[in-house]
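Asker: My request is simple: use the sequences and hints to build the entire structure.
Here the sequence shown is numbered in the UniProt record's numbering, starting from 1 and rising by one per residue.
Since the hints were made in silico from the structure, they are not lab data.
Among these hints, one or two may not hold up.
[Stated by the list, open to error] Label-pair restraints from in silico Cβ distances:
hint	residue 1	residue 2	range
1	93	57	14 to 24 Å
2	30	60	15 to 25 Å
3	51	81	12 to 22 Å
4	42	99	13 to 23 Å
5	17	39	37 to 47 Å
6	86	39	34 to 44 Å
7	69	97	12 to 22 Å
8	69	89	14 to 24 Å
Computed from a predicted model, the values in this text were never measured in an experiment.
Glycine included, each C-beta is placed from N, C-alpha and C at the ideal position.
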Amino acid sequence: MQGVVFLDKLENQLTEDMKITYNVVESEVNPAIIELGGAPIVTYGVSVTKIADSGEESTTILDISTDRTVVESLVSALRRGRVTPITVADVVEDYMALLF
Numbered sequence: 001m002q003g004v005v006f007l008d009k010l011e012n013q014l015t016e017d018m019k020i021t022y023n024v025v026e027s028e029v030n031p032a033i034i035e036l037g038g039a040p041i042v043t044y045g046v047s048v049t050k051i052a053d054s055g056e057e058s059t060t061i062l063d064i065s066t067d068r069t070v071v072e073s074l075v076s077a078l079r080r081g082r083v084t085p086i087t088v089a090d091v092v093e094d095y096m097a098l099l100f
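Answerer: Listed below in C-alpha cells is the structure:
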C-alpha cells in the first residue's frame, strides 16, 4: 500500500465530550499483486475517528471501491448514523451488501 491520503473531512459534534470525524481515504493497489498488470489502481475507503474524554479510537477500512462517489455516499450514511469506530466495519459490510 502506498501512502494514504485523508480527504473530505466531515465532523459531527455529538456532545461536548465526544467528536467523531469521518474521512474518505485514497490508496493505490499495485496491480502486479492482484495480477491485473498495468498502472496502479486508485481505491477509496473510510476512516472513522472518535475523540472523547476517555481517549481516541480510530478504524480505517481501505479498498472499499474504485468509485469515489460510492464511498462518499457511504461516508454520508456513516455520518448521519453517527457510526463509531467500533461498529464501522459491520456497517460498511451491510451497506456494500445492499449495493451489490
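Asker: If a hint holds in the structure, say so; if it does not, say that too.
Answerer: Comparing the hints with the structure gives:
With their beta carbons about 19 Å apart, residue 93 and residue 57 fall inside the hinted range of 14 to 24 Å. Remark: the range hint 15 to 25 Å for residue 30 to residue 60 is upheld by a beta-carbon distance near 19 Å. Range check, residue 51 to residue 81: about 18 Å between beta-carbon atoms, so the 12 to 22 Å window is met. At roughly 19 Å, the beta-carbon separation of residue 42 and residue 99 lies within the given 13 to 23 Å, and the hint holds.
Roughly 46 Å separates the CB atoms of residue 17 and residue 39, a value that falls within the hinted 37 to 47 Å. Hint check: residue 86 to residue 39, Cβ distance near 36 Å, so the stated range 34 to 44 Å holds. Look at residue 69 against residue 97: about 18 Å separates their beta carbons, and that is inside 12 to 22 Å. Between residue 69 and residue 89 the CB atoms are about 21 Å apart, so this pair conforms to the stated range of 14 to 24 Å.
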